[in-house]
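Read top to bottom, the protein sequences are chains A and B. Sequential numbering from 290 applies to the first sequence in my numbering. Sequential numbering from 11 applies to the second sequence in my numbering.
Heads up, some of the hints might be wrong.
Said to hold, decoys possible - Mimicking DSSO-like on lysine-lysine, the simulated pairs with C-alpha atoms at most 30 Å apart in a straight line are:
no.	chain 1	residue 1	chain 2	residue 2
1	A	K333	B	K78
2	B	K71	A	K333
3	A	K360	A	K300
4	B	K59	A	K333
5	A	K360	A	K333
6	A	K333	A	K372
7	A	K304	A	K367
8	A	K367	A	K351
Keep in mind that the hints were calculated from the coordinates and are not lab data.
Spelled out, the chains give:
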Amino acid sequence: EAGVAQSPRYKIIEKRQSVAFWCNPISGHATLYWYQQILGQGPKLLIQFQNNGVVDDSQLPKDRFSAERLKGVDSTLKIQPAKLEDSAVYLCASSLVSDYQVETQYFGPGTRLLVL
Amino acid sequence: AQSVTQPDIHITVSEGASLELRCNYSYGATPYLFWYVQSPGQGLQLLLKYFSGDTLVQGIKGFEAEFKRSQSSFNLRKPSVHWSDAAEYFCAVGATAGNQFYFGTGTSLTVIP
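Assemble the whole structure, with the sequences as input and the hints as a guide.
This is the structure:
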C-alpha cells in the first residue's frame, strides 16, 4: 500500500515570495492534515480536512496561508507571501474518518522549507 | 486541555544499552497514545499505539511502551539499542473530538558505539 506522498521534498525561497506544497494521502483516507514542524518542536496542526471540507483551521495564519482539497483527495498548501519564520518542515498526514474512536494518522516525508 | 510533556530533550546511550524515553500526558478522558519516530530528513513513522486493553504494548523495531494511568505516563522502552535507532522520538495523545493529535516537543536520541 502506498503511503502519503508529498512534493517537493525541499524548497528554498526568499521572503515575500510564494510557495506551494502538494500532498496525496493514502487511498481511502478521507481525513487529511497539514502540520508545521519548526526545528526543535513537535508538529503543530495547521488545517484538517474531511473529504473536501475544512474541519479545523483555527491555527492557520489565514493572512498568508491557504489550503485546498478540491476533489477530496490530494491537497495543496500555499504560503503567500512567505516570512522568515515560515522556515519549517511541512508535514502532511492522513487517516480514516473517526466516528467514535481515534484513528491513527500516517505521515508523509515532509517538505523542508527555508525562507531567506 | 490536552497536552504532552517529554521531559528529556536529548538522551545519549551506548549501543546495546537499554533505553527508556519518558512521556507524560494530560487528557480528561480515556487517552489514545502514540509514539512516532522521525529519522533525519524523514517524516514521522508510527512505532506503536495504545487504545485500550493490555497496558504493555509492543511496537515495531523491538520497542514497547507501558501505559500507567496513575502516573499519566506512556514511557517508551527498548532492551538493547542499535545505532540505527538514533532519531527524534515524539509522543502524542489523540483526542476523539476531531481526531486531533497533540504532540510533545520530542526527545533526540544519540547512540554511541
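Hints versus structure:
1. A:K333 <-> B:K78: Holds: K333 of chain A and K78 of chain B sit about 26 Å apart, inside 30 Å.
2. B:K71 <-> A:K333: holds, 26 Å
3. A:K360 <-> A:K300: Holds, at about 26 Å.
4. B:K59 <-> A:K333: At roughly 20 Å apart (the allowed maximum being 30 Å), K333 of chain A and K59 of chain B satisfy the hint.
5. A:K360 <-> A:K333: holds, 25 Å
6. A:K333 <-> A:K372: Distance of about 18 Å is within 30 Å: holds.
7. A:K304 <-> A:K367: holds, 14 Å
8. A:K367 <-> A:K351: Holds. K367 of chain A to K351 of chain A sits at ~10 Å (cutoff 30 Å).
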